[in-house]
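Novice: Residue strings, one per chain:
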Amino acid sequence: MATGTQALSNRATDARPAGDFDRRNADWYFDKLIAGVVFVCGISAILFVLGIFFFVTKEGIGFVFEKMDFREFLLTPYWSPSDAEDPEYGILALMAGTASVTGLAMLVAVPFSLGAAIYIAEFASGKTREALKVLVELLAAIPSVVWGFIGLVIMNPLLIKWFDIPVGLCVLNAGIILGLMAAPIMTSIAEDALKAVPDRYREAAEAMGATRWQVIYKVVLPAAKNGLLGGVLLGVGRGFGETMAVLMATGHAVNIPDSIFDSVRALTATIAAELGEAVVGGEHYQVLFTIGIFLFLVTFIINLSADLIVRGIRKG
Amino acid sequence: MNTANPALFQASDLNRHNARVQRRYRLLFGLMTLLLITPVLLILGTLLAKGGSAISWEFLFSAPTDGMRTGGVFPALLGTIWLVTVALLLSVPIGIFAAIYLSEYAGDNWFTRIINLAIINLAGVPSIVHALFGLGAFVLFFKFGTSILAASLTLAVMTMPVVIVATRESLQAVPPAFREACWNMGATRWQTIRRVVLPNSITGILTGVILEVSRTAGETAPIMFTGAVFFTPFLPQSVFDQTMALSLHLFVTATQVPGIAEQVPFGVALVLIALVLTMNSVSIAFRMWLRGKKKW
Chain F
0 MATGTQALSN RATDARPAGD FDRRNADWYF DKLIAGVVFV CGISAILFVL GIFFFVTKEG
60 IGFVFEKMDF REFLLTPYWS PSDAEDPEYG ILALMAGTAS VTGLAMLVAV PFSLGAAIYI
120 AEFASGKTRE ALKVLVELLA AIPSVVWGFI GLVIMNPLLI KWFDIPVGLC VLNAGIILGL
180 MAAPIMTSIA EDALKAVPDR YREAAEAMGA TRWQVIYKVV LPAAKNGLLG GVLLGVGRGF
240 GETMAVLMAT GHAVNIPDSI FDSVRALTAT IAAELGEAVV GGEHYQVLFT IGIFLFLVTF
300 IINLSADLIV RGIRKG
Chain R
0 MNTANPALFQ ASDLNRHNAR VQRRYRLLFG LMTLLLITPV LLILGTLLAK GGSAISWEFL
60 FSAPTDGMRT GGVFPALLGT IWLVTVALLL SVPIGIFAAI YLSEYAGDNW FTRIINLAII
120 NLAGVPSIVH ALFGLGAFVL FFKFGTSILA ASLTLAVMTM PVVIVATRES LQAVPPAFRE
180 ACWNMGATRW QTIRRVVLPN SITGILTGVI LEVSRTAGET APIMFTGAVF FTPFLPQSVF
240 DQTMALSLHL FVTATQVPGI AEQVPFGVAL VLIALVLTMN SVSIAFRMWL RGKKKW
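Top line first, the protein sequences correspond to chains F and R. Take the first sequence: its letters are residues 0 to 315, numbered as in numbering that gives the first Met the number 0. Take the second sequence: its letters are residues 0 to 295, numbered as in numbering that gives the first Met the number 0.
By construction, these hints were calculated from the structure, which means they are not laboratory data. Any given hint could be a false lead.
In silico DMTMM-like pairs for lysine to aspartate or glutamate, Cα to Cα no more than 20 Å straight-line [claimed, not checked]:
hint, chain 1, residue 1, chain 2, residue 2
1, F, 194, R, 240
2, F, 57, F, 282
3, F, 132, R, 168
Turn these sequences into a full structure, and let the hints steer you where they fit.
Specialist: Below you can see the structure in the form of structure tokens.
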């Protein structure tokens, strides 16, 4: 800042005689000061993201460098961190848990939220549309711990009754909960993507005699393709990183699932459940932070690709 | 009577087929929307039916008793208010300034793109990773300990994108002509923002702030290890105290307390949902009122 001000004031004195034309009054300096403050706040998001990466890495890096065997960590399904003599840290089963739950949730949520977005953006009109939009927004606001609670006390007995299984806390339960949870978010992102298609595209197609569905299918969807894909990816990121709901609805058993009725355990839920009992700085504690690094990197890649895909259309 | 070719104005088979297809898809997507919304409404109805009986003034304003099996949620409610207030005091000013930078100062270049990407990431990083960050940075490195301050800082970092995005949108909705008129009068950039841009977008900014209240109040994972505790007999006196929180209290009463009366967690869930949805409804109503009132 200081050098910038210096340079500017030099230029000002060079160019014109000091006096009446000199704009550098108190307001001018205040303006420069505010510009500096605003800039610092502007880049705060970058600082925070770097900070998150730095501090999570700082706590977990000890394990990565000293004890971690990448193959054991990523490719074995044995997770027994509290074993005093020979603790095992294999996250394969945890990854399988996260993947199965997220996958099932997306299977439920993607078609339905795209369908709902198309209906809200293209078919519904007037009051119906406003009401649906408000409803979707409110549904998206329900906290994840409430979803977990719903999985635990409402879905659990329902699944036991419907499918005649001993425990209703399983991939299916968490998948449905996560799907219901991610759907409103994906619906509003997808709806935004559809709305971003200029109206003149639709008008041109309608002038050619296309029906509403033909307009959607042949014009709007191809034009909004990237935005929709970006929205789906953001939804995947949300599902992947969800913590409280999967902690409460999966059954929390380390297990590579054979069927959707198996209990599993997710990466995020493992951190939430075990961090409290891990000794600060200990091996278990460091491993949990290492999982955190892994989660951070995966969501970073997902978000980055979503951003690149969405930007793809803007350029083209 | 029919001098013109009647076939010209009659729907051909193809037209009829197209219309049929369109109706079918309209119905399909309408049903999908319904299927998406109905289960959630049913679930909320169930919560209301089961938890409604637990809600009373006494439930709201008394402390848990008998190892949290009975009694109310007052310490948790108060704790959530503390956490949200402190988090907002930190994130709202920074978030608004960040949005001002993005809307009023930043050019359309790679640097702005990186900031935007960082904002998306801040919103997209799993909440439990934010918890790890809060523990590593605020609790241990800055030595705030497990306290309201550490938890609120974590929440502030996590929910700041909500304020940034909402504020940026409402700043950008102010027509450029307003700013240009002001600059032509000799006002500095900040004077223009302070006297013209902000007054014309303040309601939109408030909408975002209210939305952030709702987001912050519902978060659980980020506060679990940074400042919120399962149970404490003391009410928080300062930002360096630990506290109970409504969201965590729901998790605790639902999973960690054996032999609890069923309606207690339902009651907690209901209070939390009511708090969050009320905030969101206020925000939405605000936005609609604003849209109706807009002069340009």
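Novice: Which numbered hints are broken by the structure, listed smallest first?
Specialist: 1
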